[in-house]
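S.K.: Take the sequences, apply the hints, and build the full model.
Number of protein chains: 2
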Amino acid sequence: MGRSVDEHVHQVAAVIRGAAQRRAQDPPLECRVVPGLTGRLAAPAVSTLDVPGFDNSQMDGFAVYAADLDRAGDLPVTLPTVAHVVAGDTAPPRLDPGTAAPIMTGAPVPPGADAVVPVERTRPGDFGPVAGGGLVEFSGPVASGTFVRPRGADVRTGEAVLEPGAPLHAAAVGALTVAGVTTVEVVPPLRVAIVATGAELVSGAVPDSNSRALLAHAHELGLAATAHVVEDDPAALEDLLNRLVTDHDVILTTGGVSAGTREVVRQVLEGRPGAWFGHVAVQPGGPQGLARWSDGAREVPVVCLPGNPVSVLVSFELFLRSPLAQAAGRVAWRPSGTAVLTEPLTSPAGRVQVRRGRMEPDGRVSLVGEAGSHLAVSYARADLLVFVPESVTAREAGDTVEWWRIA
Amino acid sequence: MGRSVDEHVHQVAAVIRGAAQRRAQDPPLECRVVPGLTGRLAAPAVSTLDVPGFDNSQMDGFAVYAADLDRAGDLPVTLPTVAHVVAGDTAPPRLDPGTAAPIMTGAPVPPGADAVVPVERTRPGDFGPVAGGGLVEFSGPVASGTFVRPRGADVRTGEAVLEPGAPLHAAAVGALTVAGVTTVEVVPPLRVAIVATGAELVSGAVPDSNSRALLAHAHELGLAATAHVVEDDPAALEDLLNRLVTDHDVILTTGGVSAGTREVVRQVLEGRPGAWFGHVAVQPGGPQGLARWSDGAREVPVVCLPGNPVSVLVSFELFLRSPLAQAAGRVAWRPSGTAVLTEPLTSPAGRVQVRRGRMEPDGRVSLVGEAGSHLAVSYARADLLVFVPESVTAREAGDTVEWWRIA
Chain A
7 MGRSVDEHVH QVAAVIRGAA QRRAQDPPLE CRVVPGLTGR LAAPAVSTLD
57 VPGFDNSQMD GFAVYAADLD RAGDLPVTLP TVAHVVAGDT APPRLDPGTA
107 APIMTGAPVP PGADAVVPVE RTRPGDFGPV AGGGLVEFSG PVASGTFVRP
157 RGADVRTGEA VLEPGAPLHA AAVGALTVAG VTTVEVVPPL RVAIVATGAE
207 LVSGAVPDSN SRALLAHAHE LGLAATAHVV EDDPAALEDL LNRLVTDHDV
257 ILTTGGVSAG TREVVRQVLE GRPGAWFGHV AVQPGGPQGL ARWSDGAREV
307 PVVCLPGNPV SVLVSFELFL RSPLAQAAGR VAWRPSGTAV LTEPLTSPAG
357 RVQVRRGRME PDGRVSLVGE AGSHLAVSYA RADLLVFVPE SVTAREAGDT
407 VEWWRIA
Chain B
7 MGRSVDEHVH QVAAVIRGAA QRRAQDPPLE CRVVPGLTGR LAAPAVSTLD
57 VPGFDNSQMD GFAVYAADLD RAGDLPVTLP TVAHVVAGDT APPRLDPGTA
107 APIMTGAPVP PGADAVVPVE RTRPGDFGPV AGGGLVEFSG PVASGTFVRP
157 RGADVRTGEA VLEPGAPLHA AAVGALTVAG VTTVEVVPPL RVAIVATGAE
207 LVSGAVPDSN SRALLAHAHE LGLAATAHVV EDDPAALEDL LNRLVTDHDV
257 ILTTGGVSAG TREVVRQVLE GRPGAWFGHV AVQPGGPQGL ARWSDGAREV
307 PVVCLPGNPV SVLVSFELFL RSPLAQAAGR VAWRPSGTAV LTEPLTSPAG
357 RVQVRRGRME PDGRVSLVGE AGSHLAVSYA RADLLVFVPE SVTAREAGDT
407 VEWWRIA
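So the sequences go chain by chain: A and B. The opening residue of the first sequence carries number 7 in my numbering; numbering runs sequentially from there. The opening residue of the second sequence carries number 7 in my numbering; numbering runs sequentially from there.
Everything labelled a hint here was simulated from the structure, so no lab data went into it. Just so you know, not all the hints are guaranteed correct.
Said to hold, decoys possible - Computed footprint of chain B on chain A, listed as stretches where at least three residues anywhere in the stretch have a Cβ under 8 Å from a Cβ of chain B:
1) 36-44
2) 79-87
3) 216-224
To be verified - Partner residues are not named here, just some residues of chain A that face chain B (Cβ under 10 Å, in silico):
4) P58
5) F60
6) Q64
7) V161
8) G313
Quantities reported herein were computed from a predicted structural model and do not represent experimental measurements. Heads up, the beta-carbon is just placed ideally off N, CA and C, and yes, glycines get one too.
M.R.: Written out as structure tokens, the structure is:
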């Protein structure tokens, strides 16, 4: 049973989204608000402060009573200045009507004053003596509230800074800090089990690079992941799945899903309720599967990838990176674009071909390595994935292709 | 002196690139190849294995002597089968001419055999008895080498898996693992000092959210960063810069660069060789500076950001995120696109306005918070930056805007 790339993208995304929603029901972690905080908020983070903490000036200028400038439309109004209010001042004295206070951006607006006029709209256009005792001329009226940032305009004490589900990125750390929030409740991270199948991995005849690469991807996204290797033996895989289902939220397998005679993942999972095994219209990464595993008490989704290293990496980019990143509260989309090829390529009909490429200094795309799904080193040397649509069987040098940035 | 956004992007990128190049001259770190490895390679990583380690099959099929099928163009050729070769087998017996070995994808091609015919191009189209002793019919010839992945095709023992400068991402961890590389020499990470200026921060009147947010950004990119707060006092800032220059590669400052009377960063750095302070045509984030600080022995660049929290975050996204990510070997570009607005907005002439927004379920973009650069909480609630070009002063609901994804 075949599937388009888009359909499998949606199916896997739905499965990961479901796992993340179930995980969000688990008891939250209490975390300190520090750089390095990741994940998503489990409960509203409530502000302990008004932000800003006081009415303050949005401009370098003069704090005034707006009413004093009402008649400045006809004739300029000149006011005497008082001492300069600077950022860091906490309690400037009350401003007397009929005077103006030179004020810095961010400095507290003196009690009484209700507007700020930018210095460049005054004469002589500077702040005058720091201690006050100068004169400043205004050539027009000003509305009450102009260039005043009111206390609590960003958030008020007791209001939620961020709601459940909010990603805890750098800007969130900044906002929580400014609102005086020191600890937050965080959704525990999705626990991902990575299962590599294959006697050649258990024996060490071939290094288990798939698990390492998937662990590294999970690490980059801030997910908790464990890695496991299992023989091509259905009973051994079933035992392992029964152990993993108790304390993981998603299981990823590599290998054992294609048309050979020892396809252990397929043998164990195909035909179970909700399982799908088949071909996605992509090369490499065609053989794919989706299933559920239950030990009777708990059920988790199993996303079954093919076993060749390039197929694993391409499958991760196409199907897993975005939904896993979303669960982790990260932006991990790949930059993409189009460019012309430096060389020709051929591609199978009816499948999206994904090649490895490099962006040349002149903005064209060259290919890195052949199409073979075993060329893990070539993949690591590339900085682009290059996409050839299903309907295309050949592209010439100078033809346009779509690319995704992977490095 | 004014600058376009693009010009400042290029200037800051050049400064960070220079700092990264100087840092790459420092002694490399020897790091184990494990998930969690980051940064860039300092020296070639040399393969200790041939990859693949043996000639192996690219398909599920039959390993044959190609010469045996030369005459299969006219009449089908039928060969007796020997025992099945599976992945995990390390030393299959030599294939006798005139026989065919059923073989799994990835399994070693038996000595003597030089081509693989996929099972679906044979009759009866299955693998026959696992122990051999069956018959298989081929209806066409096959070229020597077909569907055989030669030993060492990806990389050979003693060849470089990856060259200096290569980013150590998940695919690199996979490639190094498959090539038997257990340790690599890594360029030491860029050491970033973050300096927040302002009496209101030192006194605690306003929480220092800028440093926290910048530390969190640095952490996300895998950079080493330290944070410091200093009074609006030129001597104190000079002292701090003298201490930081000895063991940091880039210094970022926030605040103290605009037109007020206590602009300590500008006072200390403006007019020094190579320094530029002025206005970039963007709102927020207009006042910017670039300088160098030297203690006589060592010189590092100083990138001077404005002090308002939203200005800091927008400046980081526009000017710093991409070059710092590049130094760290990360892909950290922001996904971008265009969409129509749900509501009108106004924007200053001659400046790119950067607003905070949200992608609505219908694909339109709504605005989050006002334009004010003090609204740090609104920023953290947004998932988009929304860009209004310099030449535009108003947009209506339904008009198209450009966005970048930030969450």
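S.K.: Against the earlier hints, flag every one the structure doesn't satisfy and list their numbers going up.
M.R.: The structure conflicts with hint 2 only, although it agrees with all the remaining ones.
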